[in-house]
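Engineer: Listed here are the chains, written in short residue letters.
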Amino acid sequence: MTAQPAPTPTTDPTIKTALLRVEKLVKYFPAGGGLLARNIVHAVDGVDLAIQPGETLGLVGESGCGKSTLGRVIVRLLPATSGHIYFQDTDLTKVRGEKLRRTRQEIQMIFQDPYASLNPRMTVGDIVSEPLRNFGVARGRKADQRVQEMMRVVGLNPNFVNRYPHEFSGGQRQRIGIARALVLDPKFIVADEPVSALDVSIQAQIVNLMEDLQSKFNLTFLFIAHDLSVVRHISDRVAVMYLGKIVEIGPSDAIRDKPLHPYTKVLQSSVPVPDPDIEATRKPILLKGEIPSPVNPPNACRFHTRCPIAQPICSEVEPPLEKKENGRFAACHFAGQL
Amino acid sequence: MQDLRVQFFVSEGTVTAVDGVSFEVDRGEIVGIVGESGSGKTMTALSLLRLIPEPGRITNGRILYGEKDIAQMTDEEIREFRGNEVAMIFQDPMTSLNPVLRIGFQVEEAMAAHSRFTNQQSRDRVVPMLQRVRIPAAKDRVRDYPHQFSGGMRQRGMIAMGVSNEPSLLIADEPTTALDVTVQASIIELLRDLSRELRASVILITHNMALVASLCNRVIVMYAGRIVEQGPTRAIFKNPQHPYTWSLLRSMPRMDEVGHERLVSIRGLPPDLSKMPPGCKFHPRCRFRIDKCLTEEPPLAEVDPAQDARCWVLMKNIPNPEAEALK
Chain S
1 MTAQPAPTPT
11 TDPTIKTALL
21 RVEKLVKYFP
31 AGGGLLARNI
41 VHAVDGVDLA
51 IQPGETLGLV
61 GESGCGKSTL
71 GRVIVRLLPA
81 TSGHIYFQDT
91 DLTKVRGEKL
101 RRTRQEIQMI
111 FQDPYASLNP
121 RMTVGDIVSE
131 PLRNFGVARG
141 RKADQRVQEM
151 MRVVGLNPNF
161 VNRYPHEFSG
171 GQRQRIGIAR
181 ALVLDPKFIV
191 ADEPVSALDV
201 SIQAQIVNLM
211 EDLQSKFNLT
221 FLFIAHDLSV
231 VRHISDRVAV
241 MYLGKIVEIG
251 PSDAIRDKPL
261 HPYTKVLQSS
271 VPVPDPDIEA
281 TRKPILLKGE
291 IPSPVNPPNA
301 CRFHTRCPIA
311 QPICSEVEPP
321 LEKKENGRFA
331 ACHFAGQL
Chain R
1 MQDLRVQFFV
11 SEGTVTAVDG
21 VSFEVDRGEI
31 VGIVGESGSG
41 KTMTALSLLR
51 LIPEPGRITN
61 GRILYGEKDI
71 AQMTDEEIRE
81 FRGNEVAMIF
91 QDPMTSLNPV
101 LRIGFQVEEA
111 MAAHSRFTNQ
121 QSRDRVVPML
131 QRVRIPAAKD
141 RVRDYPHQFS
151 GGMRQRGMIA
161 MGVSNEPSLL
171 IADEPTTALD
181 VTVQASIIEL
191 LRDLSRELRA
201 SVILITHNMA
211 LVASLCNRVI
221 VMYAGRIVEQ
231 GPTRAIFKNP
241 QHPYTWSLLR
251 SMPRMDEVGH
261 ERLVSIRGLP
271 PDLSKMPPGC
281 KFHPRCRFRI
291 DKCLTEEPPL
301 AEVDPAQDAR
311 CWVLMKNIPN
321 PEAEALK
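Chains as they are written, first to last, in the numbering used here: chain S, 1 to 338; chain R, 1 to 327.
If you're looking for bench data, these hints aren't it; they were derived computationally from the structure. Every residue gets a Cβ at the ideal spot worked out from N, C-alpha and C, and that includes glycine. Be aware that a few hints might be false.
Below are the DSSO-like pairs computed for lysine-lysine, each with C-alpha atoms no more than 27 angstroms apart in a straight line [said to hold, decoys possible]:
#1 S:Lys283 with R:Lys238
#2 S:Lys216 with R:Lys327
#3 S:Lys16 with S:Lys99
Computed list of chain R residues with no C-beta within reach of chain S, every gap over 12 angstroms [stated by the list, open to error]:
#4 Ile290
#5 Leu314
#6 Lys316
Not everything, but these chain S residues come out facing chain R in the computed CB check (under 8 angstroms) [said to hold, decoys possible]:
#7 Ser201
#8 Arg232
#9 Ile278
Using the sequences and the accompanying hints, generate a full structural model.
Structural biologist: Take a look at the structure:
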């Protein structure tokens with residue numbers, strides 16, 4: 001989605017040029033809470049990812065697949081259970097103190113719900129300038145100037161700086177959230193379902209804004225969403241997640257046109273298109289059963305309990321996420337066969 | 001439905017949520033009502049069941065079901081009408097199912113509350129109804145509580161309640177919005193099959209144009225409490241005449257998009273219903289408006305046989321709308 005020269009597509013998920021690299025990342029939660037909780041939610045269970053500078057990586061999956069948790073662990077809103085998150089050369093799971101503060105400035109987040117993620121008692125000016133104060137970057141007049149500049153950049157009237165969130169519409173609130181995320185001039189943004197709470201006519205405004213900001217500030221995005229059409233549109237590459245694992249990753253158009261993993265194929269076939277002629281012939285592949293609990297995920301391939309082409313091996317041997325074609329990786333013994 | 005108006009009487013004044021809405025639904029037809037929040041689509045549907053919440057009222061119009069005027073029915077008549085003739089399926093099945101009652105009991109109760117079936121018949125029909133909405137292992141799951149069902153299964157349970165009395169009209173208000181896309185696909189298939197099996201009409205209320213293309217024969221597009229365009233699905237999608245319909249179709253990324261096209265964004269916001277602009281209600285956001293749009297509201301007029309649009313300009317009169325819209 002950038003206007004700059006396209007980033008070199010990753011051919012190897014651990015390639016050294018990555019801005020952000022996730023290695024064997026695991027996040028478990030105790031289920032039911034409490035010290036004696038014996039059940040464990042395997043929310044993110046061994047994820048490897050590499051995101052190139054200037055790239056938008058889309059992360060798609062259904063509710064409960066762990067995509068939001070992965071995003072939150074990457075921005076360190078949640079601690080990782082194990083594994084590594086390398087930002088440039090820094091392992092975010094290891095750094096502490098001043099170094100952590102500095103890397104945190106570089107990584108920001110945009111949230112789904114523009115109603116819940118802004119403090120209703122703070123003015124827009126205070127919300128957008130708070131990171132400047134927290135990180136000691138600017139205060140006073142300098143901070144005010146920066147806030148006004150950010151408001152202009154995201155398409156908000158700078159004269160509204162003293163208004164409160166409730167005085168704004170959902171789309172405008174999302175712009176406030178974006179201004180807050182950009183005020184520290186970060187390199188990397190995790191956007192968790194940034195448009196799904198907005199009305200249809202407003203979604204395009206925010207998608208277009210994010211594209212413009214990316215090329216203007218040379219940003220790198222992890223764009224998390226459940227809607228494959230939005231993710232394909234905005235992303236250079238797409239990663240598909242199922243029950244805590246990445247099952248496929250590759251260039252957006254390739255993922256859409258020729259899914260390799262059966263789950264990707266099911267997702268792709270389920271998305272309706274606003275064209276009655278196409279819809280008249282589209283046959284969604286309906287999955288049997290329901291998504292298993294992440295407390296007790298199936299053995300070996302986690303999709304085998306619902307997969308239309310599962311074989312005995314799928315419940316015995318876990319398929320690794322491996323290269324199937326140039327720049328394309330899938331975790332399936334029978335990739336491309338559905 | 002003829003010339004429906006729904007108004008809310010609040011301390012700040014009167015808010016008109018639905019204004020002058022007329023449409024017909026034929027037997028067996030699947031009609032989509034599309035619009036954003038505040039467009040009046042849900043209020044239009046609720047008025048069909050006379051379920052407008054306080055302080056709202058239907059202040060004008062007639063809603064005819066066959067020969068009967070719904071607005072004139074007694075409370076007893078409307079109670080029998082709801083559930084027996086018309087059933088409604090809501091967006092969030094968790095808040096519409098009673099969490100402390102078993103699913104099977106709730107389906108049975110839906111039948112027992114109306115007079116079509118005897119108590120024994122109602123009891124016997126529960127498992128077949130759950131099977132009909134494709135709930136696997138229905139015999140076992142009939143004793144489950146709603147929290148033991150997944151979101152998709154709860155929606156199936158709701159649909160089972162809705163269709164248990166074999167209604168001739170099913171109103172589905174955003175039935176898949178809270179569901180994952182793979183589950184959405186199966187619920188849409190189910191609605192399609194049920195409408196065929198029961199020979200029932202369906203009104204699908206949604207913000208999702210793609211779902212309408214998938215399921216509906218006819219589309220009604222609402223904006224600011226009005227119908228701005230209506231017609232056969234194919235005409236609306238291939239040849240939309242109202243700038244709002246046209247822009248809406250180009251504002252969402254399409255799964256079959258080739259390369260990367262910039263999305264058409266509709267500037268501004270939908271109007272505040274208590275402070276409606278003069279003239280065409282869409283004119284503040286419209287890229288194709290002319291002077292007349294600012295002062296005179298256009299009527300919903302025929303643009304093609306069976307297709308109507310509420311616009312002075314019409315998209316067919318604009319030479320290169322894409323270039324204009326992306327300026």
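Engineer: Check each numbered hint against the structure and report the violated ones by number, ascending.
Structural biologist: none
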